[in-house]
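Student: Residue numbers (my numbering): 16 to 231.
Derived from the structure by calculation, the hints contain no laboratory data. For each residue, glycine too, the CB sits at the ideal point set by N, CA and C. Treat the hints with care, since some could be wrong.
As the list claims (entries may be wrong) - Below, computed lysine-lysine pairings styled on BS3-like, alpha-carbon distance capped at 25 Å:
hint	residue 1	residue 2
1	K209	K74
2	K161	K138
3	K138	K74
4	K74	K86
5	K209	K81
6	K209	K86
To be verified - What follows is a list of derived Cβ distance ranges for each label pair:
hint	residue 1	residue 2	range
7	R82	S184	32 to 42 Å
8	G160	N66	17 to 27 Å
9	G172	K81	29 to 39 Å
10	D136	E54	20 to 30 Å
11	G119	P223	31 to 41 Å
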Amino acid sequence: MNRALLTLALIGPLTAGCATTRAHTSVVVEAAVQSSGWESVATPADLERINALPERWAKARAAVPKRFAGKLAAEGPLVQPDAALDLPALPPGPYRCRLIRFGGRAPFTSFAPDICYVEGDTKSLSFTKQTGTILPGGWLYADTGKRQIFLGTFRNGSEKIAPSYGHDSARDVAGVIERVAPFRWRLALTQAGKGALLDVYELVPMPPSVPGSSAR
Numbered sequence: 016m017n018r019a020l021l022t023l024a025l026i027g028p029l030t031a032g033c034a035t036t037r038a039h040t041s042v043v044v045e046a047a048v049q050s051s052g053w054e055s056v057a058t059p060a061d062l063e064r065i066n067a068l069p070e071r072w073a074k075a076r077a078a079v080p081k082r083f084a085g086k087l088a089a090e091g092p093l094v095q096p097d098a099a100l101d102l103p104a105l106p107p108g109p110y111r112c113r114l115i116r117f118g119g120r121a122p123f124t125s126f127a128p129d130i131c132y133v134e135g136d137t138k139s140l141s142f143t144k145q146t147g148t149i150l151p152g153g154w155l156y157a158d159t160g161k162r163q164i165f166l167g168t169f170r171n172g173s174e175k176i177a178p179s180y181g182h183d184s185a186r187d188v189a190g191v192i193e194r195v196a197p198f199r200w201r202l203a204l205t206q207a208g209k210g211a212l213l214d215v216y217e218l219v220p221m222p223p224s225v226p227g228s229s230a231r
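Construct the complete structure from the given sequences, taking the supplied hints into account.
Tutor: Structure, rendered in structure tokens:
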């Protein structure tokens, strides 16, 4: 896939902002069982990190102090490494995306939800985090019947357009998308911030706006 298209694909979702009124489909998009060839797009470093993600899951969970065990358990399948279900593809539309960071120097932290957006169709999907201070954005690739692969870059809050993937290793970001419950997905990133071992985004579809309704 042409990496230069990443920039064009992200402009639409970014300009939509928080006030988007697009209806979110209630049908789970069926993912292809055969890999889409993301391995040829990923940088060698990200390919290695994706393959090592199960080990990172184990280390992160083991590093959570006992005093935070209850909070970790309360997240249910979201933080269970083997919780992936069939049909992992994210349907297009807006999502509430909540970051959970744990392991390492960040024992367990749950942040307030931001807004993310998935744009495209079953053949080409882009993912963009639209609000907050950490703004990953990029492409979603079919991989297996239980996961999608995310390859993208981090955008600074002052930037309207994300840089192209693969041009700056410091800005590249990769992860794995899995469905863990009805209308509940997660994006586990291969690199974490603030001294943590794992960053996981909970992705929950936002309900469609009702015509004529007003915010309170």
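Student: Each hint: holds or not?
Tutor: The hints, checked one at a time:
For the given pair, K209 sits about 16 Å from K74 by alpha-carbon distance, which is consistent with the 25 Å threshold. For a cut-off of 25 Å, the pair hint linking K161 to K138 stands: about 17 Å separates their Cα positions. This hinted pair does not check out: K138 and K74 have alpha carbons roughly 34 Å apart, beyond 25 Å. For the proposed pair K74 and K86, the alpha carbon gap of about 17 Å is at most 25 Å, so the pair holds.
Pair hint K209 plus K81 holds up; C-alpha atoms about 20 Å apart against a cutoff of 25 Å. Taking the CA atoms of K209 and K86, the gap is about 19 Å. The hint holds against a cut of 25 Å. Between R82 and S184 the beta carbons are some 36 Å apart, a value that agrees with the proposed interval 32 to 42 Å. For G160 paired with N66, a C-beta distance near 18 Å keeps the hint of 17 to 27 Å intact.
For G172 paired with K81, a C-beta distance near 36 Å keeps the hint of 29 to 39 Å intact. As the Cβ distance of D136 to E54 is approximately 22 Å, the hint placing it in 20 to 30 Å holds. At about 38 Å, the CB distance of G119 to P223 agrees with the hint of 31 to 41 Å.
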